[in-house]
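S.K.: Next come the chains, spelled out residue by residue.
Protein chains: 2
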Amino acid sequence: MTAAASTSRNRRGRPGYDRQQVLEAAVRIFNQQGYDATSVSDIAASLGFAKSALYHHFESKASILELALDDALSGLESALDSAVRDNGSASAQLRQFVHSAVGVLTARLPQVMLLLRVRGNSEVELAALQRRRAFDQRVAMIVAAAQEEGMLRKEIDASVATRLIFGMINSLVEWYRPDGPVDAAELADDVLLATFDGLQTHP
Amino acid sequence: MTAAASTSRNRRGRPGYDRQQVLEAAVRIFNQQGYDATSVSDIAASLGFAKSALYHHFESKASILELALDDALSGLESALDSAVRDNGSASAQLRQFVHSAVGVLTARLPQVMLLLRVRGNSEVELAALQRRRAFDQRVAMIVAAAQEEGMLRKEIDASVATRLIFGMINSLVEWYRPDGPVDAAELADDVLLATFDGLQTHP
DNA sequence: GTCTATATTAGGATAGAC
DNA sequence: GTCTATCCTAATATAGAC
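If you read the protein sequences in the order shown, they are chains A and B.
Offset between the first sequence (1-based) and our numbering: plus 10.
Offset between the second sequence (1-based) and our numbering: plus 10.
Mixed in with the good hints there might be a few duds.
No distinction is drawn between identical chains; accordingly, a pair holds when it is met within one copy or between any pair of copies.
Claimed, not checked - Taking lysine to any residue and the SDA-like style, the derived pairs with C-alpha atoms no more than 20 Å apart in a straight line are:
| hint | residue 1 | residue 2 |
| --- | --- | --- |
| 1 | 164 | 194 |
| 2 | 71 | 38 |
| 3 | 164 | 31 |
| 4 | 71 | 133 |
In case anyone wonders, no lab produced these hints; they're calculated from the structure.
Could you build all of it, start to finish, from the sequences and the hints given here?
M.R.: What follows is the structure, given as structure tokens:
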């Protein structure tokens with residue numbers, strides 16, 4: 011299957027969805043209603059077919075979630091890897107990662123939205139949470155190192171600073187929409203400015 | 011019933027829970043597992059009794075949610091009312107509200123946590139969302155006015171600034187715990203500093 | 001204030017036809 | 001790739017006893 015096949019509608023004749031299309035529809039509804047509040051029938055109904063048809067594409071409801079969560083985590087992890095690889099100082103790594111994290115979040119909004127709402131109610135969710143915790147710890151280390159380098163104020167504890175920065179970033183899923191009025195690239199700049207320089211004039 | 015009766019355990023003899031105790035337990039589990047993933051049996055089990063006993067205290071699962079959401083919204087609304095009443099300029103109103111919003115969130119953590127996760131899946135949730143939207147709009151107006159007053163940088167759109175500030179604040183529910191290492195009062199100061207002055211040293 | 005049924009509906013998932 | 005029919009389990013809620 012070509013990469014383009016996922017979003018383009020170049021299949022002729024019968025309806026017939028492929029795995030990727032079903033995945034996208036499912037994730038959309040998971041995000042609208044919440045994973046637990048979404049039934050397999052809801053997903054099927056949104057595609058206009060019976061719920062049993064879903065099991066042709068996926069083993070289970072949980073396996074759909076698993077795929078989406080893996081996508082979100084992979085995106086964030088590789089952005090972090092790049093930031094570490096591309097920069098010598100922790101301060102520079104942090105700056106780049108904050109910027110690129112906004113990029114990942116806006117580019118893979120549905121998957122990241124799902125990830126951020128996971129509560130640990132199943133094996134799949136627990137595995138994702140564990141992977142996310144490992145990731146968060148790597149980020150926290152970089153923030154602490156950036157503070158040591160003198161980039162960040164000492165009055166605020168590094169772990170609190172980490173939570174505040176990425177709390178702000180993660181909260182973007184609550185309102186940012188690709189088709190909305192806010193540009194993703196500008197938003198990344200705004201977040202950098204807000205977190206490090208503050209929103210106030212002439213500090 | 012006295013106000014103290016809610017948390018104090020001055021009832022002798024038999025177990026027997028009152029409405030407030032059941033409410034607290036229910037909200038705790040709603041937050042752990044998510045509202046939709048929580049069954050009435052889960053709540054009952056956590057209190058050590060049969061699920062039918064729950065219907066002695068509450069009409070339905072939804073009515074428990076309703077009560078908690080009302081508590082969260084009332085707390086936030088009255089903090090905003092006070093901030094507006096106590097200050098002349100929008101800048102001062104905003105500063106006070108940011109500070110007190112952190113206070114409300116830490117003081118009524120379980121209820122606010124629940125509020126922030128509502129998706130609109132029922133009448134009760136839709137009503138809460140609508141009330142929250144009205145509240146958010148009031149806040150956005152104040153941020154815009156503070157920007158007009160010259161308090162906030164003009165490079166960042168007022169509505170984006172509002173989202174970023176309260177995104178950071180709301181994200182506290184994801185990690186702040188009353189019994190954790192972070193002090194609520196210090197946290198409110200940290201958030202003020204982070205949002206308005208930024209996390210970077212010597213700006 | 002809590003219990004043991006029980007009614008009723010919806011959920012995830014499978015079988016096998018088209 | 002989708003359908004209808006069906007299984008089985010779990011969920012909300014009620015009835016009525018203690």
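S.K.: Honestly, which of those hints from before does the structure not fit?
M.R.: 3
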